[in-house]
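*Asks:* If you want the building blocks of each chain, they are given just below.
Protein chains: 2
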Amino acid sequence: MSNTPLKGAAVIGQSGGPSAVINASAYGVIKTALESEYITKVYGMHHGIKGMLNDELLIMDEEDPKELERLLYTPSSALGSCRYKIADPDVDDTDYKRILEIFKKYDIRYFFYNGGNDSMDTCAKVSRYMAKAGWECRVMGVPKTIDNDLFGTDHCPGFSSAAKYIATSIMEVNRDAHVYDTGMVTIIECMGRHAGWLTAAAALASAKGEGPDFIYLPEVDFDLDKFLADVSKCYKETGNCIAVVSEGIHYADGSFVSEAKTAATDGFGHAQLGGLAAMLANIVKERTGAKVRGIELSLLQRCAAHCASGNDIKESFMSGETAVKEALNGVTGKMVGFECDRTNGYVCKAKLFDLDSVANYEKKVPVEWINAEGNNVKQAFVDYCLPLIQGETPMVKEDGLPRFCKLKKVFAK
Amino acid sequence: MSNTPLKGAAVIGQSGGPSAVINASAYGVIKTALESEYITKVYGMHHGIKGMLNDELLIMDEEDPKELERLLYTPSSALGSCRYKIADPDVDDTDYKRILEIFKKYDIRYFFYNGGNDSMDTCAKVSRYMAKAGWECRVMGVPKTIDNDLFGTDHCPGFSSAAKYIATSIMEVNRDAHVYDTGMVTIIECMGRHAGWLTAAAALASAKGEGPDFIYLPEVDFDLDKFLADVSKCYKETGNCIAVVSEGIHYADGSFVSEAKTAATDGFGHAQLGGLAAMLANIVKERTGAKVRGIELSLLQRCAAHCASGNDIKESFMSGETAVKEALNGVTGKMVGFECDRTNGYVCKAKLFDLDSVANYEKKVPVEWINAEGNNVKQAFVDYCLPLIQGETPMVKEDGLPRFCKLKKVFAK
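Protein sequence lines correspond, in order, to chains A and B. Per this note's numbering: the first sequence = residues 1 to 413. Per this note's numbering: the second sequence = residues 1 to 413.
Treat the hints as calculated values from the structure; they're not laboratory data. The beta-carbon is built from N, C-alpha and C at its ideal position, and this holds for glycine as well. Do not take every clue at face value.
In silico BS3-like pairs for lysine-lysine, Cα to Cα no more than 25 Å straight-line [unchecked claim]: (1) B:Lys291 x A:Lys85; (2) B:Lys208 x A:Lys406; (3) A:Lys397 x B:Lys208; (4) A:Lys208 x B:Lys66; (5) A:Lys314 x B:Lys397; (6) B:Lys85 x A:Lys291; (7) B:Lys291 x B:Lys104; (8) B:Lys378 x A:Lys397; (9) B:Lys226 x B:Lys291; (10) B:Lys397 x A:Lys208; (11) A:Lys208 x B:Lys85; (12) B:Lys409 x A:Lys236; (13) B:Lys378 x A:Lys408; (14) B:Lys104 x A:Lys409; (15) B:Lys104 x B:Lys66; (16) B:Lys104 x B:Lys413; (17) A:Lys397 x A:Lys378; (18) B:Lys397 x B:Lys378; (19) B:Lys397 x A:Lys378; (20) A:Lys406 x A:Lys66; (21) A:Lys208 x B:Lys408; (22) A:Lys314 x A:Lys236; (23) A:Lys397 x B:Lys314.
Over the 10 Å line for every Cβ pair with chain B, so calculated as not near, a few chain A residues [stated by the list, open to error]: (24) Glu136; (25) Ile389; (26) Glu398.
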């Protein structure tokens, strides 16, 4: 491949579950691409790769630059997302032929894809196919996942903001849960099906003296009896207990606690219909007689742009910006992650990772950061995570409420 | 009663469910009382009236004034709360005799009580008893309730911040819920057992074009079939639907939807263990086959100090400050509520209400502010509520997280 900038159009898509800052990354791509003299047109895929396949491309050049700037603090994927898993081109190349057709139609020479594991996989496959097909282009992955489970990078854009929201909300709930002298057990459920990063973020609240007593991650097999013993002991001794659990906690046999038939545990003999927090709250209530409340942070934790991390917004933008700059320099087949130095303050630099090395791996919370009892995380996690949540959102409000970006959404014909 | 200031000590207590700004009210009382030349000492009741009965009073004079200032953005009741309902003195005056004993012991001449309906009732009873017992003192109610159901006052401190959080969070969830092209139904549950004010606050998000399709308040009898028809139609036509429900919605016979045996509705034949949102989500899922998510805002909505309304903080402080100033002027037996003028901008002034007229009444959302179909509120509610959520919190953060007030809690002996 040449390392002189290619002349042609760029396209950006967003995929997977949204976050508070995925649009900050997209804005990094869009703004930098719009400013490049080599990039002739900037398109946005409507609902990710499905927008490519359906020939539904939004013309970003038609948008008001001032409005686009609001993407920095607009949650969820402004271009629309999808959960479409593209086939292996060696098995079925229908989608790729179609993508190549669209590339040719719009003279697309730059492909940026903004998402998690699956999106990096899509990126890698598109990159390989285009090389094979002889269509010269640059394919770059721009990471996003609140789950923080992408391989290689120090952390993932989106995680830090969710972590900040979780720690902030738990500090507030902690105050609320201690307000009476009559005691209460509170079970809080965070996202994270396979990796416990988000749940671990509750430890930031504990580091400030306003956090949970226990944290249960999916990295450790869940033991219901141990959990009940932990909570009961704490409640007995202090009159209060807050436990934070990951939605992905599972028993030793691998079955999710949230999906377990609870006949053995709550005596009702049917699957619980509420979430994990509600289910565990009921079990604790039965066993201890305590006043118990289950709280599921649900979608709130991934879209709370009003409580986003300033660092996360800056880094997300940087990731998108770097993707364009590196692509213009001739780089392709890479994801723009981060390399961070915490020895003397906190320095975060963009770093390129091979898409193939990132796709389809899941980075978990290191076992050495989890305590021996498996019911909390250690200071090492706090040292890792605290720098990520620094800084506040530049969100502009109107009438006391967020003023999110409103795209015109002009479709290319 | 004399209208020259009484010389003596003041005591303040907090009661009932906490809010994001109840401490701003308490700070208004504490700061103003500490600055008064007539008030010799300022005490805080540890866990409300129970702290009086147990002779557990905190000496506010011992606290660092700079630390006390953090009460402006510290959620939950910093002095501790209780849910103790004091007896009618004509039936059982044991508690009142004890309170008088404590009043005499500490020479308490000013009694401020910070809470909702029940707290105003406590205030009224204490006021009457002390007058009868011939103990000269000034008794003032400082209102607080996110439920906004206190009679007389334009609105209640605490409501506005919860409303701002609800509207903000729903705007964010609205973005998240529309991210895929595959559609989703989202059911969001807000607090408010008997009054729908908090749930109605979702309409502020709708006023910005980023809110729910339907709002169901406890002021209207809930009709499950109508609800299902509303949601199904909206989902069918737009591919999406967001409905916000009050925890207190009930059927025509008065039974709470949340407590109903769901045999007739979901076919499982047992009481649901999750919250109302989870239960309705399951019913919608069964009937429509749509992807459905239930979200309960739970405690988050009443303790989200990070998203508090600047106006609410100022007004809460003003309510506490006014209570002390008026008491010093000889006023007693009053609650400091608000009178607001929205004709030309928004002006909020403190106004005194008879404690007796406030206690034990519940103010509901006016029927004329609810639409004919009973599934939304009208512009009149938005006009009423929008001014209340203006302005941001002055919250100081440390390490990117809230730095709440930490009281020394020095007990009087």
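*Asks:* Take the hints in turn and mark each one as holding or not.
*Replies:* Cross-check of the supplied hints:
1. B:Lys291 x A:Lys85: 19 Å, holds
2. B:Lys208 x A:Lys406: Within the cut-off at roughly 11 Å; holds.
3. A:Lys397 x B:Lys208: At roughly 11 Å apart (the allowed maximum being 25 Å), Lys208 of chain B and Lys397 of chain A satisfy the hint.
4. A:Lys208 x B:Lys66: 19 Å, holds
5. A:Lys314 x B:Lys397: Judged against 25 Å, a Cα distance of about 19 Å means the pair holds.
6. B:Lys85 x A:Lys291: The given pair, whose Cα atoms are some 19 Å apart, holds under the 25 Å limit.
7. B:Lys291 x B:Lys104: The given pair, whose Cα atoms are some 63 Å apart, is violated under the 25 Å limit.
8. B:Lys378 x A:Lys397: The given pair, whose Cα atoms are some 23 Å apart, holds under the 25 Å limit.
9. B:Lys226 x B:Lys291: 20 Å, holds
10. B:Lys397 x A:Lys208: Judged against 25 Å, a Cα distance of about 11 Å means the pair holds.
11. A:Lys208 x B:Lys85: Outside the cut-off at roughly 35 Å; violated.
12. B:Lys409 x A:Lys236: Holds: Lys409 of chain B and Lys236 of chain A sit about 23 Å apart, inside 25 Å.
13. B:Lys378 x A:Lys408: Given pair Lys378 of chain B, Lys408 of chain A is violated - Cα atoms ~28 Å apart, limit 25 Å.
14. B:Lys104 x A:Lys409: 72 Å, violated
15. B:Lys104 x B:Lys66: Violated: Lys104 of chain B and Lys66 of chain B sit about 31 Å apart, past 25 Å.
16. B:Lys104 x B:Lys413: 14 Å, holds
17. A:Lys397 x A:Lys378: 38 Å, violated
18. B:Lys397 x B:Lys378: Violated. Lys397 of chain B to Lys378 of chain B sits at ~38 Å, over the 25 Å cutoff.
19. B:Lys397 x A:Lys378: Given pair Lys397 of chain B, Lys378 of chain A holds - Cα atoms ~23 Å apart, limit 25 Å.
20. A:Lys406 x A:Lys66: OK: Lys406 of chain A and Lys66 of chain A at ~11 Å, within 25 Å.
21. A:Lys208 x B:Lys408: Within the cut-off at roughly 17 Å; holds.
22. A:Lys314 x A:Lys236: 45 Å, violated
23. A:Lys397 x B:Lys314: Holds - the C-alpha atoms of Lys314 of chain B and Lys397 of chain A are around 19 Å apart, at most 25 Å.
24. Glu136: 31 Å, holds
25. Ile389: Given that some Cβ of chain B is not farther than 10 Å from that of Ile389 of chain A, nearest at about 4 Å, it is violated.
26. Glu398: The claim breaks: Glu398 of chain A does not keep its Cβ more than 10 Å from every Cβ of chain B (closest is about 8 Å).
The structure fails to meet hints 7, 11, 13, 14, 15, 17, 18, 22, 25, 26 from the earlier list, while all remaining hints are met.
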